[in-house]
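Undergrad: From first to last, the protein sequence lines stand for chains E and B. The opening residue of the first sequence carries number 1 in the working numbering; numbering runs sequentially from there. The opening residue of the second sequence carries number 1 in the working numbering; numbering runs sequentially from there.
In case anyone wonders, no lab produced these hints; they're calculated from the structure. Treat the hints loosely; a few may be bogus.
Derived list of chain B stretches under chain E, where covered just means 3 residues or more per stretch with a C-beta under 8 angstroms from a C-beta of chain E [claimed, not checked]:
1) 221-230
2) 251-258
3) 333-341
Backbone N, C-alpha and C define an ideal beta-carbon position, used for all residues, glycine too.
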Amino acid sequence: MLKLLLFLVVISISTITPQSKDSLYSLNLEVGAGYSYHLTDLNMPDVNLHGFNGTLRIMWQPEHLLRIGLETGYHQLYSLDKVINLTGIGRSEAEISMFSIPVLAVFSMVVFPQMLPELEIKFSSGVMFLNTRGNGFGSKASSSQITLGFSGAATYLRPLNEHFAVGAELKYYNFAKIDDGNLSLQFIFTYKFMRY
Amino acid sequence: MKKFTLILCVGVLMLLSSCDNGVEVLQPIVDPSGVLATTDPVPNKSKPWMEGIYTVESGSSVFGKQVVLKWSNDNLSIFTSKNAGYAVLKGGEIDSVFYFEGYWRFRTSTETGVLSLQISKSEGGAILTAKDSTGGEIVLRGSFGNGTQPGNAEVILRFLRPFSDFVKQNKFYILAHRGGGRNSDYLGVSENTLQIIKQSEGYGANGIEIDVKLSSDGVPFIYHDDDINLRTTQKGVLWGNIEQFTWNLISAFVTLKNGEKIPSLIEALDYIIEETSLEFIWLDLKSSRNEIPIVTEIVLEMLKKGYVKKRDLQIVIGLPSEDKLNNLVKVKDFTTIPTLCELDINSVRKANSKYWAPRWTLGTQTPIVLELQNEGRGAFVWTIDDPAFIESFITEGKFNGMLTNYPSLVAYYHYTR
Numbered sequence: 001m002l003k004l005l006l007f008l009v010v011i012s013i014s015t016i017t018p019q020s021k022d023s024l025y026s027l028n029l030e031v032g033a034g035y036s037y038h039l040t041d042l043n044m045p046d047v048n049l050h051g052f053n054g055t056l057r058i059m060w061q062p063e064h065l066l067r068i069g070l071e072t073g074y075h076q077l078y079s080l081d082k083v084i085n086l087t088g089i090g091r092s093e094a095e096i097s098m099f100s101i102p103v104l105a106v107f108s109m110v111v112f113p114q115m116l117p118e119l120e121i122k123f124s125s126g127v128m129f130l131n132t133r134g135n136g137f138g139s140k141a142s143s144s145q146i147t148l149g150f151s152g153a154a155t156y157l158r159p160l161n162e163h164f165a166v167g168a169e170l171k172y173y174n175f176a177k178i179d180d181g182n183l184s185l186q187f188i189f190t191y192k193f194m195r196y
Numbered sequence: 001m002k003k004f005t006l007i008l009c010v011g012v013l014m015l016l017s018s019c020d021n022g023v024e025v026l027q028p029i030v031d032p033s034g035v036l037a038t039t040d041p042v043p044n045k046s047k048p049w050m051e052g053i054y055t056v057e058s059g060s061s062v063f064g065k066q067v068v069l070k071w072s073n074d075n076l077s078i079f080t081s082k083n084a085g086y087a088v089l090k091g092g093e094i095d096s097v098f099y100f101e102g103y104w105r106f107r108t109s110t111e112t113g114v115l116s117l118q119i120s121k122s123e124g125g126a127i128l129t130a131k132d133s134t135g136g137e138i139v140l141r142g143s144f145g146n147g148t149q150p151g152n153a154e155v156i157l158r159f160l161r162p163f164s165d166f167v168k169q170n171k172f173y174i175l176a177h178r179g180g181g182r183n184s185d186y187l188g189v190s191e192n193t194l195q196i197i198k199q200s201e202g203y204g205a206n207g208i209e210i211d212v213k214l215s216s217d218g219v220p221f222i223y224h225d226d227d228i229n230l231r232t233t234q235k236g237v238l239w240g241n242i243e244q245f246t247w248n249l250i251s252a253f254v255t256l257k258n259g260e261k262i263p264s265l266i267e268a269l270d271y272i273i274e275e276t277s278l279e280f281i282w283l284d285l286k287s288s289r290n291e292i293p294i295v296t297e298i299v300l301e302m303l304k305k306g307y308v309k310k311r312d313l314q315i316v317i318g319l320p321s322e323d324k325l326n327n328l329v330k331v332k333d334f335t336t337i338p339t340l341c342e343l344d345i346n347s348v349r350k351a352n353s354k355y356w357a358p359r360w361t362l363g364t365q366t367p368i369v370l371e372l373q374n375e376g377r378g379a380f381v382w383t384i385d386d387p388a389f390i391e392s393f394i395t396e397g398k399f400n401g402m403l404t405n406y407p408s409l410v411a412y413y414h415y416t417r
């Protein structure tokens, strides 16, 4: 995962070019919600890989094509609900679920400013808090851990007026520690809450 | 700028191609329907006469110039100083001819291969099966190969001498790390499992060190790392700090790297008593909580069981930190609990530990080791893997045992003393 992350950083750096015309700076609040599918080679047929994915992002939009920001959110990664039979212990219904909360630095860029100014390509990297919850055999347990991770996304935003825009975002997340990915499709709403 | 980007891209591509994406060692498997199916088990009375030091007359590319032959239960092991190499063989006998089938392995690399040996009637077979045998000239002849294919490279091992009186009269504990080996040694079974414990004696160990954790509901189990991760486990649904889960959830949902389940401490100790001849168990306490009361209870129970089974077995609770020592002294009659202390000798005396275990980087510390031995205690050194240091600690030190990831290498240097 680190390898891909490094590769994407290089690609991002190599594509940065200055923009010649002046424009206003702004801070944008971006909120997204949608469907996610967990990408894993986990060999367990009963696992539910479908879930909800939410994003909260603050982006600094300068006069250049490159924008930077911070992102957090909530991702349901997978859940499992099945009856387990343990030798010597007996049967019990067991529920396991995992969700993550990312804290990522986001780099976003309008890659085709003339042809398709509404399209942004995003690359994010940072840490993700992975939370596992288990319930079975009469007791509950949970554990949290931090992993490095990154994401890549394509965002299409249609301005409604000077302040608001709506659109959609297709995003891939990678979680280094568990060597899994997550694909999400979100509805995105943005609000320019500060301009200077 | 373009040049810089190009250099950066090349660097990243080099990084991508340089990473290890996993190693698979194909351990040769002995065909049970082969020659051994037609033989009788090797008579127990013959085994001690085979043990000893052998000269390698042919096959030095794998076995070096000299090897050690040692039986452990039904396995005949060969130890060499070359690349911490060893061989594990199953044997059989028919009409005073001995057959051995198995594999060899360099522990410091992933090289392995099949190995077949034979003792003919005229080159030791008759001596070994004689009614009142006292040993004698034994020659093992055979072939070895690389990988899983049968080999045709010649190997000849000629008996040089039996083990010295020093080796026979002085107990030396060869303690295998993590039950017999780490996952990074690619042994085909996972560290800290019943399966690796079973194999540890074939690698030359007569004792093991295993890591003890505590589940959220207070069950001690065998596991090394703090978290459930891809180094130790197959991908599953439970992730995070393993001690935050109940034992039932761990049992149900965590599968170790090579498909095994995590054993509880009771299961592991019970297995050692019932299925192995191991003589020393070092429990390395790894819990973030106080596990000493429950581990003590289990150890005392298992020592009783071992005594009933007439097993020559010591189980000691490791004290790796001041915290664990402080937890120990809170237990009633703590001085009667069998412990091994990794701290200074004052702590050893405070805990009344049976054993002191300093880190190898502190040197042989012979005066202190002798002082403790005079007090009726023992001393182990940990964790030595470098061949030169293993040799020097064995020849110059006075330790009662050594913890290592390469038990075959320690066995070679010990038995050739």
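Undergrad: Against this structure, judge whether each hint is valid.
TA: Quick rundown of the hints versus the structure:
Beta-carbon proximity to chain E at under 8 angstroms applies to 3 residues in the region 221-230 of chain B; the threshold of 3 is reached and the given coverage holds. As drawn, the region 251-258 of chain B meets chain E at 3 residues by the rule of a beta-carbon pair under 8 angstroms; at three or more, the given contact holds. Counting residues of the region 333-341 of chain B whose C-beta sits closer than 8 angstroms to any C-beta of chain E gives 0, which falls short of three, so the coverage hint is violated.
Violated hint for the displayed structure: number 3, the only one.
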